[in-house]
Every structure is written in structure tokens, then in C-alpha cells.
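Visitor: Chains as they are written, first to last, in the working numbering: chain A, 41 to 353; chain B, 9 to 249; chain C, 283 to 589.
Don't take each hint at face value.
[As the list claims (entries may be wrong)] Some chain C residues well away from chain A (every beta-carbon gap over 12 Å; in silico): (1) L294; (2) G345; (3) V350; (4) R381.
[As the list claims (entries may be wrong)] What the simulated footprint calls covered on chain C by chain A, stretch by stretch (three residues with Cβ under 8 Å from a Cβ of chain A suffice, anywhere in the stretch; the number is not a length): (5) 439-450; (6) 496-509; (7) 563-576.
I should point out that these hints are in silico values taken from the structure, not numbers from a laboratory. Where a beta carbon is used, it is the ideal one built from N, C-alpha and C, also for glycine.
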Amino acid sequence: MRGGRLIGLHLGLVAVLFALNFVLPAYSHGTVARVMVLATYAMGYNILFGYTGLLSLGHAMFFAAGMYGLAMPMTHLGLGAGPALLTGIGSAAVLSLGVGLLALRTRGVAFMIVTLMFSQAAWLTILLAGRWTRGDEGVVIPQADRMLLGLDLSDPSTRYLAALALFSAVLFGTLWLVRQPIGRVLVAIRENEDRAELLGYDTFRHKLGAVVLSGTVSGAAGAAYGLFFGYAGASFAETHYSIFPLLWVLLGGAGTVIGPFLGTLFMFYLIDLTSGLTPAYMLVAGVALVLLTLFAPQGLAGEIRRRWWRGLP
Amino acid sequence: MSALLSTRALSRSFGGLRAVHEVDLDLGPGEVRALIGPNGAGKTTFVSMLIGRVAPSSGRVLFDGQDITRRPAHARVRLGLAYTFQITSVFARLPVAENVALAARRRLGRDRAAVAAEVARTLGRVGLTGREKIAAADLSYGHQRLLELAMGLAQAPRLLILDEPTQGLSEPEIETFKALVRTLAGETAILLIEHNMGVVMELADRITVLDAGVVLAEGAPAAIRADARVQAAYLGTAADA
Amino acid sequence: MEFGPHLMLAVLEGAVTAAVLALMASGLSLVFGVMRVVNVAHGQFFMLGAVLAWAVSSALGGGAVGFVAALLLAPVIAGALAVAADLTVLKRVGYDPERTIVATIGLLYILQQAALMTYGPEARPVAPPFNDRLALPWIEFGPEGPGLIWPWGLSITSYKLFVMGAAAAVLAGLWALMTRTGIGLVMRATQLDRETAQAFGIPVERVYAGVFGLGAALAALAGVLIVPIQQAHYLMGGDALLLSFIVVIIGGLGSLGGTVIAALLIGLSDGIVSVFFSPTLAKILATLLVALVLVFRPEGLMGKAAR
Numbered sequence: 041m042r043g044g045r046l047i048g049l050h051l052g053l054v055a056v057l058f059a060l061n062f063v064l065p066a067y068s069h070g071t072v073a074r075v076m077v078l079a080t081y082a083m084g085y086n087i088l089f090g091y092t093g094l095l096s097l098g099h100a101m102f103f104a105a106g107m108y109g110l111a112m113p114m115t116h117l118g119l120g121a122g123p124a125l126l127t128g129i130g131s132a133a134v135l136s137l138g139v140g141l142l143a144l145r146t147r148g149v150a151f152m153i154v155t156l157m158f159s160q161a162a163w164l165t166i167l168l169a170g171r172w173t174r175g176d177e178g179v180v181i182p183q184a185d186r187m188l189l190g191l192d193l194s195d196p197s198t199r200y201l202a203a204l205a206l207f208s209a210v211l212f213g214t215l216w217l218v219r220q221p222i223g224r225v226l227v228a229i230r231e232n233e234d235r236a237e238l239l240g241y242d243t244f245r246h247k248l249g250a251v252v253l254s255g256t257v258s259g260a261a262g263a264a265y266g267l268f269f270g271y272a273g274a275s276f277a278e279t280h281y282s283i284f285p286l287l288w289v290l291l292g293g294a295g296t297v298i299g300p301f302l303g304t305l306f307m308f309y310l311i312d313l314t315s316g317l318t319p320a321y322m323l324v325a326g327v328a329l330v331l332l333t334l335f336a337p338q339g340l341a342g343e344i345r346r347r348w349w350r351g352l353p
Numbered sequence: 009m010s011a012l013l014s015t016r017a018l019s020r021s022f023g024g025l026r027a028v029h030e031v032d033l034d035l036g037p038g039e040v041r042a043l044i045g046p047n048g049a050g051k052t053t054f055v056s057m058l059i060g061r062v063a064p065s066s067g068r069v070l071f072d073g074q075d076i077t078r079r080p081a082h083a084r085v086r087l088g089l090a091y092t093f094q095i096t097s098v099f100a101r102l103p104v105a106e107n108v109a110l111a112a113r114r115r116l117g118r119d120r121a122a123v124a125a126e127v128a129r130t131l132g133r134v135g136l137t138g139r140e141k142i143a144a145a146d147l148s149y150g151h152q153r154l155l156e157l158a159m160g161l162a163q164a165p166r167l168l169i170l171d172e173p174t175q176g177l178s179e180p181e182i183e184t185f186k187a188l189v190r191t192l193a194g195e196t197a198i199l200l201i202e203h204n205m206g207v208v209m210e211l212a213d214r215i216t217v218l219d220a221g222v223v224l225a226e227g228a229p230a231a232i233r234a235d236a237r238v239q240a241a242y243l244g245t246a247a248d249a
Numbered sequence: 283m284e285f286g287p288h289l290m291l292a293v294l295e296g297a298v299t300a301a302v303l304a305l306m307a308s309g310l311s312l313v314f315g316v317m318r319v320v321n322v323a324h325g326q327f328f329m330l331g332a333v334l335a336w337a338v339s340s341a342l343g344g345g346a347v348g349f350v351a352a353l354l355l356a357p358v359i360a361g362a363l364a365v366a367a368d369l370t371v372l373k374r375v376g377y378d379p380e381r382t383i384v385a386t387i388g389l390l391y392i393l394q395q396a397a398l399m400t401y402g403p404e405a406r407p408v409a410p411p412f413n414d415r416l417a418l419p420w421i422e423f424g425p426e427g428p429g430l431i432w433p434w435g436l437s438i439t440s441y442k443l444f445v446m447g448a449a450a451a452v453l454a455g456l457w458a459l460m461t462r463t464g465i466g467l468v469m470r471a472t473q474l475d476r477e478t479a480q481a482f483g484i485p486v487e488r489v490y491a492g493v494f495g496l497g498a499a500l501a502a503l504a505g506v507l508i509v510p511i512q513q514a515h516y517l518m519g520g521d522a523l524l525l526s527f528i529v530v531i532i533g534g535l536g537s538l539g540g541t542v543i544a545a546l547l548i549g550l551s552d553g554i555v556s557v558f559f560s561p562t563l564a565k566i567l568a569t570l571l572v573a574l575v576l577v578f579r580p581e582g583l584m585g586k587a588a589r
């Protein structure tokens, strides 16, 4: 049961998404491209929350670190898209290392609040540095600068395929990781941290690694979002954007590889639909969070695993 | 002295209360040592200091000649100490095989075949073959204790600390446990914290009696049985049980 | 204005903030202390208090009657809503700390967005029932020795004094409730050990529902008190929650005395710092300070080590 079926499932998803590039109408085409980047963010979040069992309420700071780590050097230093993508990812990696070293001294509820506070401070810092970041208004990355390896990322089809490439890389990266010994140790920490420590695993270092990996993937998603859609704004650093990946992952199924994508897709469309009806579209997010907590803490993919496919990673 | 594990004046107090006071203990390679004493004698605090779950107030812990007093728990486990919890602590939602594999993998690394072989061998030893795929939480209590033991064995420890391993087990299960421990002779040293005197007398090479945080007596089972102070403090009430 | 009077004005403004903050934070602290859960929706009950104050007082045609009615009604309504949320949601997740946080995040959005749908996105004022301006003197050391002067702009309103007095009275009442009554005893017993309390016949679930309601009522009361000073708006709960977190963490989670002291500290320093520095920078520093307190001194700056 190892291997084949699993790879098949995830390859199938990628193939379907690839085919959709050619058939989707323009509006949905753009939406799915966005969903793939945001699902990458959710997969990053899932590494920490779903597999390691650490609930962060501050991942927006990593997403924003990637986004601003890309946008600031591009806007103010004239850096090209390729190097800027690296500075974006690097910023998120450094930030997550620092935050991890501090926040991992706490556990449980304190960890959640510490990450929330750090993220709040990061958002306020973006506002404070309004001279460069232009605060809530944000900065637009001109179309001419959004060239990566000779590809024009402002072209919808190119952008879609670039998003798919990022999404697939992280999807298969996660699938690989969770089947490695190190991924198993993360799950062991989630299930029973004391026991994992007493099997000889340095749980602090594993958790730190998970924070850094999770933060870096989230930052890569943030950098890609800025580059693909040509915009970096402070609203991406707000608490909303820390709650979103939690919601997506909970809905799709925490601790499953495919869950974050399912959750992001459903929730994105749900909120998109609602926002056409009322400005109070976040009501949907609130109701979904309460209902998920009450009735389906395993999420969509978790239910599939429970009912039909026990080996689904 | 070629002791595997030694403590020197190991002490711990909790807010003025002396839980463990200046305990010196030497345990040789391959030795089966029982640590007994009435409830509240400081046994669990003492072993928690050995494994690194509780920091000592003063004193030292030496393992294989190295001072490990300040080492974190995981580093001690890497040196060859293994610990099974008094209250069953397994990965409840993970399959039985994965529980043992986690224990074996730290030592054997990425070699999937070696890990699988070790899991099969260890589960066979404790008699859990055939239950690999069920979640640990779905095992009976007695089987969960055996799983704990299997996780200890899969680490191939040089010293296995068993904290009340027979607590809550039925008579036949205790027999199985005793037989298993006898097969470990020569493979690993064992420190056994145990209430069941039958088990202690039968398995231990030497016995250390802890009372109110200090060592009351130490010696061979027969000598301990005959010791008047031990009887007064402990055996007098518990031996009949 | 010169530095001295300016500072005094900042202190007075800070004291008003501190009074409101102490009320709010004591609610959050009470809920954490007794139930060991963090109510992320706490700020929304504050907002609810403010919005209800506007609704009640405008329904009754404004004026002192409307305000007094709001002062009584808003906490009761908010408390009842919180009890309902406790019974339908928190009780059903077994007060598991992490799931409770996720559920109260959901509750946060439900309350906030419901306010947006009904009350709307506008910020609306409520007239204070009384609002006399009281000029304050300042001592100046002139060539003829110290003398009283009345600097222009150095004043406080009677309403702000009332807010401080009301907050002090309610907090004193809360303290008396916790330490001097049977209800307080039951709450403290539940806080110490839930299982034992249950074994002794304390209806733990009703205590939890009551405490959750009381916490929300305190937040709503703070919301009513603030609304004549600062307008009611559906997004006002976010900052309020953050400040309460800061207060509760610095004061030591679950300690009422620590909470009040921390509220004074934060309220005053917020007033003083934001008069002299950028308020954003002040918030950044306060947030980082709190995060670091949690990391290095989880028992709070004034609290004792937990258990």
C-alpha cells in the first residue's frame, strides 16, 4: 500500500490543476492561481500545526516577511525578480528562526499568544515604516519588473503555471517529508512530546526545524503572491491572515498532505461568494470555525482518512 | 569501580520538602537492581533525576563514567538509558508498529529494512505479534504496558529503567513480564521500581530501599528480607499483601 | 502648555484608559483564572457593550435615562450571549484549551460581523449623561515662590472622573464577590481543582457558564463606559483585546490584583508614551514587551509561579 496509490493521488491532483489551465474561464482561472499560492501558505502552516501539533496564531508575519522581503528590495533597490524571490524567502527563514527560538520556550496557549503578539508587532512595524511600505495602501510591483527567468508573470497563463509549479513542489515536498523518519518524529512530538523526548529525540530542535520550515514555506508563498499578483500591502500581515491558514487547514484536514488545498479551495470560493452578498463576509469564516471545532475537528481529508483510507498521509 | 550508573549525594527538595536526600547508588553493567520503598519515599523523583525529567537540587549523576547531571533527557537516552513511564505513555493514536519503530529508528536511522526487522523482533519478544496495525490506544491496558516495554527494548539500552511495570497487570501478565525480564539478563542492566515484592525478590540481584528520601538499606534480596529496619519501615506492612 | 501640566494631562487621560482597561482585563483574567481557557472573543463583548449602549440610549431618546439604561442592560445582554456561547460551544469541546481558542476565534468573527451587518460600519457617538469641564490647577515656582496657576487646556470632565469612580467601585465589588461570598468560594474552589470541586457537589458546568458570562459582562460594561469618550465602532474589539492581553499577561494570568496594577501601568504608560511618541511605536514596544514577558516570565511580572 506504500507509494503507488499515494503518489498517484497527488499526481492526479496536479494533473487536473494543469488541465484546468486550458479550460477555466478567465475569472476562475485567476482564482485558482490565487488558491494554489494560498494553499502553499496553508501547507506551510500545516507542517507546524497539522504535523508537529503547534498552533501558531501569527503566521501572517512569515507570509508578510516573504512578501515584503521581495517587494521592498524590488521597489527601493531595483533588485530583479529572481534575487528578490530569494531575499523574500530568506527574510521569512530568518524571522522564523528568531521567533522560533523565543516562542518555543513556551507551550500550548502561551505559544499561541506569543506568536500572535509577535505577528501583531510585525504588522505594526510595516505600518510604522509607511515611508517605504506605504502602509495599508501598499506598493504595486510594476508589470515590467515581474519577469522571472524570461517568463512574464503578469501573463495569466504563465502566472497560473508558475503557481502550479510552486504548489506542486511544496505538495510533493510535504509528502516526502512526512514519510521520512524526521517527519515521523514531528508526528511523534504532536502525539506525545514527553515520550518522544525520552526516546532520545531532541524535541526542541525538531520543533525549531518545523517552525523554520513552516515559516519559510509560508514566506515563499507570500513572496510568490507579491510577485505573481504585483502587490504587497499591510493587510496581508494582519491577524486575519494568521487565522486564514488555520481555518483552511482545519477545514481541509490538519495533518494531511492534500487537506490544505481542499480547505483553501472551499473556503476561498465560499468567502468569494459571500462577499458578493454582504460586506460581512468574514461571518462565514467565524461560523465555519465554530462548526469545525464542534463537529469535524478532523476536517475533510481527515474524515476521508477515518472512513475510507487509513494510510492517507 | 566499573559502575554503569552512579549517583553521588543526589538530592532534590520541593519548596523545603526533602524528596530525595544525598542518595549514593552504584549499579553495575548487566545488574538487575530493584528500588523499593513506601509511597512517597522519593523513588519516582529519584529516577526522574536519573533520566533528566527533574533537575537535582544538588549532587551528581554519572553514567558510564561521564557526568550527565546537566544533560537534557534526550541526550541521556542517546547514551543508553531508557525509561518506561509509570503511567502508560505511548503514542496512543499511532499504530503499534510505529510506536516501536520510533524507538528503533533513532538508533538504526533511515534503514527501513533494519527498522522493520527490529520492530518485528521486539514485538515478537513481548508477544504483541499480529497487532502491528492497530492504534496503541485500542490495546488493552496490559498490552499497552507490554508495548511500553517493547519501546524500551527497541532502543537496545544499556540501562533500562522500569517504573512500576507490573502495576495494574493480571497474574498471568505478571508471569509473562517476569519471564521476559529474565531473558534480558546480560543484555542490559535494569533498574526496577516495583511494589510487588514477589516480583522484586524473584528478579533482583540487589535491592535498594528508599525511605523518606534516604537510602535505608541495600543488599541481596535475602539480606533485605532479613533486615529489621526494612521490615519496620516497609516490609512489615507490605510483605503480607 | 509646558512639560509639567502636559504630563499631568497625559496621566489623567491614562488613568481613564487604565480604569476601562482594568474592568475589561479583569473579565479576561477571571475567565482564564477559573476556567483555564483564553477567550479570544473577549474584545467583541467590549464592542458589543459600546454598540448596545448606542442602541439602547438612542432607542430611549438619549440623555441620562438612556445612558443609565444602557449601563444596566448592555452587560446583561452581553453576559447572556456569553452564557449561551458557553453552553452551546465551549462546554461541548470540553474546555480543551486549544479548541476553545479556535472556537472563540470563530465567535469573534460571528459577533464582529453580526455587528457590521446590523449596526453598520459607521462610528457613532453617545452623549455622556453629564460632562462638566473641571479646570485643574498647576503649581508654578515663580520669582515670589510657589503659586497656583490654571494652565489653559489642563482640565478633565466630570464624566471621566465618573468612569474612574465607577470602575473602582465595580472592581471593589468583584474583589468582594471573589473573597467574601459563597459564590466566590465556589469559583475559587473550581479554579483550584475542577475534579475535586465536582466531587464535592459544586455544579462546575454552571460555575463555568456563570464565569464566562460575568467576564463578558465586565467587558461590555467597560464598552458602555468608554463610548461617550470614544465612539462605538464594530472593529473596536481588536485593540481592546490586545491591550487586555497585555495587561493580563503582565499582571499574571488569573490574578485580579496583578491585573489592576498592570492596567494602571499600561494605561498610564500608554497615555504618557503616546503623548510624546508615535502611538504605533508605543504599541509595538508594548506588544514585544508582553511577548517577551510570556517567554521569560510566564507567571507575569507580578504574579507568583503557577502551581
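Visitor: Against this structure, judge whether each hint is valid.
Guide: Going through the hints against the structure:
no.	hint	result
1	L294	26 Å, holds
2	G345	31 Å, holds
3	V350	31 Å, holds
4	R381	5 Å, violated
5	439-450	violated (count 0)
6	496-509	violated (count 0)
7	563-576	holds (count 9)
Going down the numbered hints, you'll see the structure goes against 4, 5, 6, while the others check out.
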